[in-house]
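Chemist: Here are the chains, one letter per residue:
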Amino acid sequence: MYKIILATRYLLKRRTTYFAVLAVALSVFVVVVVMTVMAGLVNEFKEKNHRFAGDCVVGTESLVGFAYYEDFVKLMEQQDFVEAVSPAIKSFALKRRRGSDQDGVVEIMGIDPVRHSQATGFGDTLYYHKDDVSKTFEIAYDANLVGCVLGDFLLLQDTNSRNLSEISLPRIAYSISCFPLTARGALAQAGTDMVNTKTFYYSDQSSTGLPRIDGSLVYLPFEQAQLLCGMAGSNKRASRLHIRFKPGVKIQAGREKVRSLWQKFKQDKAGEIQAYTLDTVTVQSWKQYRRSSIAPMENEQTEMSVMFGFVGITTVFIVLVVFYMIISHKSKDIGILKSIGVSNIDIIELFSGYAFLVGILGSGFGLLAGWVFLLKINPIEDWLFEHFGFQLWDRTIYAIGDIPNQVEFKILAIIVVSAIAACLVGALIPSLQAARQKPVETLQVGQL
Amino acid sequence: MSKDDFILKAEGLHKSYRMGATEVRVLKGVNLNIKKGEFVAIIGASGSGKSTLLHILGALDKPTKGVVKFEQRDLSRFRAGELNRFRNRMVGFVFQFYHLLDELSVLENVFLPTMTGKSIIGWFACRRQAKNRAKELLAQMGLTERIKHKPYQLSGGERQRVAIGRALMNEPRLLLADEPTGNLDSATGNGILDVLETLNRAGQTIVMVTHDERIAQRAGRTVTLVDGKIEHKNSNNL
Chain V
3 MYKIILATRY LLKRRTTYFA VLAVALSVFV VVVVMTVMAG LVNEFKEKNH
53 RFAGDCVVGT ESLVGFAYYE DFVKLMEQQD FVEAVSPAIK SFALKRRRGS
103 DQDGVVEIMG IDPVRHSQAT GFGDTLYYHK DDVSKTFEIA YDANLVGCVL
153 GDFLLLQDTN SRNLSEISLP RIAYSISCFP LTARGALAQA GTDMVNTKTF
203 YYSDQSSTGL PRIDGSLVYL PFEQAQLLCG MAGSNKRASR LHIRFKPGVK
253 IQAGREKVRS LWQKFKQDKA GEIQAYTLDT VTVQSWKQYR RSSIAPMENE
303 QTEMSVMFGF VGITTVFIVL VVFYMIISHK SKDIGILKSI GVSNIDIIEL
353 FSGYAFLVGI LGSGFGLLAG WVFLLKINPI EDWLFEHFGF QLWDRTIYAI
403 GDIPNQVEFK ILAIIVVSAI AACLVGALIP SLQAARQKPV ETLQVGQL
Chain A
1017 MSKDDFILKA EGLHKSYRMG ATEVRVLKGV NLNIKKGEFV AIIGASGSGK
1067 STLLHILGAL DKPTKGVVKF EQRDLSRFRA GELNRFRNRM VGFVFQFYHL
1117 LDELSVLENV FLPTMTGKSI IGWFACRRQA KNRAKELLAQ MGLTERIKHK
1167 PYQLSGGERQ RVAIGRALMN EPRLLLADEP TGNLDSATGN GILDVLETLN
1217 RAGQTIVMVT HDERIAQRAG RTVTLVDGKI EHKNSNNL
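Residue numbers (the numbering used here), protein chains in the order written: chain V, 3 to 450; chain A, 1017 to 1254.
Same shape as in the complex, but just chain V (with noise of 0.2 Å):
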């Protein structure tokens, strides 16, 4: 009980203490921020990269794509651990705005849309037609046009609009060129045909939050693009599959299903005059299958990790100082205490009481400053934008709409726990130290 008592009042007392508290507390605070933005868009950006890619991709980085995939499609849809699936084609095209004399290189992407709105969050990202996504590529003012869907800083920079809603509804026009490609990669045709080129009229936009993506990629009719790419004819291919899981099947399990249902289908087809096709095709997760695009967010926020990791040094050392200090100016109490029978190991747990409660009183100090502060992060942001044109995180690159400002129970609770264990530790040499003293020599009893 003394040692409760003892360790409150040192910390009440001691002013030195305050310094030890505010060290705990300006740690904290820092790492509570700067940990649960970088989570927040580490995690936000996975989700997004999710809900593109939807659970599971089963495809080939080939521009010639694999053939077959129709029977494999309806082989999944026959699984009970299959929600959706959704072919794909990717390729990529030379892109051209009517008026226009200038072409860009655009990936393009033909879905059904009906489809891939199960498998993935396509329908979400869309501006106009999410809530009826099976007319995304219809054209409202004349019904023989084909549509297509454009990353909203694809049309940003097409339009040279700053924002989105500056556009009206635009009858803009795009001529898209691929060259098809045969099976076996050769250009499928020659001369001056060796470009197969079709106009596509906007019907709507697309934002996926990904920057890459919404900078890039043109959402074409399916078929339409299967064409384009030479793609369809007797054998039709696809570039990949996106597949969802029913609901409570998990990602990993989910795709080692998949991984041994695609090796008995390629064995199946073996003797399939396109069998080859196969051959490059893999079958990913979705963190697989976006992992170089979510890999360098990883590092960065292991690095930051790393970085608030010797902010918990720094802090376990000024701890040390402070306490080393406090316990010198304190070796007459120690003293005192052994001659009333107080033991070495007592001493050691009332300055690790100490210290414990220099932990607990600034994390709590810093958890308080840090969650106004991470409540008012958006506010203050604003502000300093209004003013001073200054923005923390540039949203071209971090895509994201606010601040992450959700507090996460366990970040917290490590954070804390780390921070009473970082002041334990650098009370532990101080405590130990006094433990060891010998009690006529703290007393000062200088008289032999």
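Don't read these hints as lab results, they were simulated from the structure.
Be aware that one or more of the hints could be misleading.
As the list claims (entries may be wrong) - Not the full set, but computed from the structure, chain A residues with beta-carbon under 10 Å of chain V: (1) E1124; (2) T1132; (3) K1134.
Ideal Cβ positions, reconstructed from N, Cα and C, are used throughout, including at glycine.
Given the structure of chain V, go ahead and fit chain A onto it with the hints provided.
Modeler: Okay, now just chain A, sitting in the frame of chain V:
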């Protein structure tokens, strides 16, 4: 005299310190017996080793050689935990510079030895009793009005009486006082000696260290320590 009458026996105590390359011999074979209920003054000049002897008798320090027996039990055979319990329950220390904890009130300083000897649950079970005992002791010392004060708000004499109250809190068999009046004026010092005399008359065994012969005269027996050895023993007539 029966050997049971001795509460403390020191046999052939030696104590030396190493100061650089030099060995300083402080005690050079001290033999001392303390009877139950005795009030013994150890007198000696500065540097004679009297405080060192007192610390060894109270198990605050260890002799280089020799044995201290408390109620026939050899202190050198005590384990660390037993020594802590010994210091907590069997002896009470009064120091020249009071050595009170400034963070605690007068009352808390007095019941501190009881609190340190108990677990949290044990303390909650006996705290009312302990607080009453501490209040009684402070009342005996004339400090009832000061129980909520902090030590730095008291005079030197008051602080020393608080220190005596703390030393007596666990009803120790032996009270060890190291120059208890050394930091006080003579009137206040006499008041402290009156308190010690009263305690001794009530049966408390006391060993007091002093350099002042007039103060030593207040004890029942005086032991003179010269150059690390007991030179002569004298029974004062009180």
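Chemist: Which of the listed hints are broken here?
Modeler: Violated hints: none; all satisfied.
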